[in-house]
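Participant: So you can see what is in the structure, the chains are spelled out below.
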Amino acid sequence: MENVNRNEQGYLTDFSQWTKEVAQEIATEQEIGELTDKHWEVIEYLQEKNKNEEPLSIRGIKKSGVINIKEFYALFPGGPLKMSTMVAGIPKPKSCI
Amino acid sequence: MKKLVILGAGTAGTMMANHLVSKLPKSDWEITIIDQYKTHYYQPGFLFLPFDTYTEDQVKKEGKKFIPSGVKYVQKKIEQIYPDENKVVLEADETVNYDVLIVATGSKIAPDEVEGMKGENWHKNIFDFYTFEGALALRNKLRNFKEGKLVVHITEMPIKCPVAPLEFAFLADTYFKKKGIRDKVQITYVTPLDGAFTKEKCSKSLSYLLKEKNIDIVTDFAIEHVDNENNKIVDYVDQEVAYDLLVTVPTNMGDAVIERSGMGDDLNFIPTHHHTLQSLAHENVFVIGDATNVPASKAGSVAHFQAETLTDNILLYIDKKSLKEEFDGHANCFIETGNNKALLIDFNYTQEPVRGTFPIPGIGPMSLLKESTLNHWGKLAFRWIYWNMLLKGIPIPMVGRNMSTKGKKI
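First to last, the sequence lines map onto chains A and B.
Just so we're aligned, residue 18 is where the first sequence starts under this note's numbering, counting upward by one.
Just so we're aligned, residue 4 is where the second sequence starts under this note's numbering, counting upward by one.
Isolated chain A, as found in the complex (with noise of 0.2 Å):
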């Protein structure tokens, strides 16, 4: 993790830097915990949305069927969108200002 850049809230900002030990990190930190199949799943299908620029949101999350998403936020607890993304990092959703 020391050679990781990340922002002041802790969101990755090279993402060439990511690995699935940087990932296990941040959840660490973060008390997610130990990541399972299902936050790899999770975490995949975010970072495929984010490559081909689709916005996030939970609604579309749902739509898309990945998870449930009583259990995403189970998985990722305290907002399950920005403790995922950084955990995947990609940035968080965001507004203009």
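These are computed hints drawn from the structure, not numbers from a lab.
All values reported here derive from a predicted model rather than from experimental measurement.
Any given hint could turn out to be false.
Chain A is nowhere near these chain B residues, computed Cβ spacing over 10 Å in every case [unchecked claim]:
no.: 1; residue: Tyr40
no.: 2; residue: Glu116
no.: 3; residue: Tyr239
no.: 4; residue: Asn296
Cβ-to-Cβ under 10 Å is the rule here; a few derived chain A residues that face chain B [stated by the list, open to error]:
no.: 5; residue: Glu25
no.: 6; residue: Gln26
no.: 7; residue: Thr36
no.: 8; residue: Lys37
no.: 9; residue: Val39
no.: 10; residue: Ala44
no.: 11; residue: Leu52
no.: 12; residue: Thr53
no.: 13; residue: Tyr62
no.: 14; residue: Glu70
no.: 15; residue: Gly77
no.: 16; residue: Lys80
no.: 17; residue: Lys109
no.: 18; residue: Pro110
no.: 19; residue: Ser112
Each residue gets a CB set at the ideal place from its N, CA and C atoms; glycine is no exception.
Following the hints, put chain B in place on chain A, whose structure we already have.
Facilitator: Leaving out everything else, chain B in the frame of chain A:
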């Protein structure tokens, strides 16, 4: 005769018609613009209509008046685009062929995407202000609103004019103060994001605003449904926010014709090159304004800056030359903060809004990311600029298509 067709006569489409009419040789090119609606709305005015600051007549005019002579104006519904066949089918099976297509079909609210939103209380105690009808119905409701819980709510991003709901909350604070009933109205701002301000410098500079205006905030709220019976919005983990009056910004989506034509993403926005504005799927299809999926704000100023680059690129495309990778996501927006003050922000894809002076570096007279009365007058003056300069494609003095870093504290 070659054909250039523009779909949508909103802000972006109208500007493109005005730019291109003087640039494309009339002997070779026929320009057609198609839009089913007769009225052109000044959408930034929808923020002011509910508070009786603007009248109905100030925010709408007949669209045809802004289409230049020399451009064929067709007021018909677009049924489907067939980009592989270079044609568009309109109502009553009318076919329009094109050599170059510009899609400027915008974005719309989609309240049906959330259960219970467009239910029995829609425009009774649940309102949008992103449509003329919604803003007008809300004005009538606010005129008689005496006390209770006002909840200003965003369903999900991206939305058109992302700061508008926050501005609405600020203006509501001023409105109720003026009416002498602020102590009887509780204002709560509910967002799916992790704060009202999500960018570092904005958050540092502006967080005082909510506290100063006594506006409560609920963050990370992803709405699951509206409970019409108990007047509550409910999220996926059963968190509830009660309201007497709900002002919501529903999911924003690209036009349904984009979905019918198979050209969009999940939200019907068209995958578009960030810097050339050419669609990624078809080289003779260009996209501008809210219809694109580019990560710029969905705002009139963005469409204005895009229009200058896109005009150049259409001409380059026609001449079979390589396109300019020029558009930088430039946006320039006034943000009302109430009490006759406003902020001004100037930013692009990579540079977040910062403090500084605008448009003349070091002088101003506008100040960036800082409240001032002058910024407020700038926002109000913008209505005139919109109808008289912006739609006609007249450049705004000293404000270039690409963002300048001069005068900014980066």
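Participant: Would you list, in rising numerical order, the hints stated earlier that this structure does not obey?
Facilitator: 2, 3, 4, 7, 8, 9, 10, 11, 12 and 13
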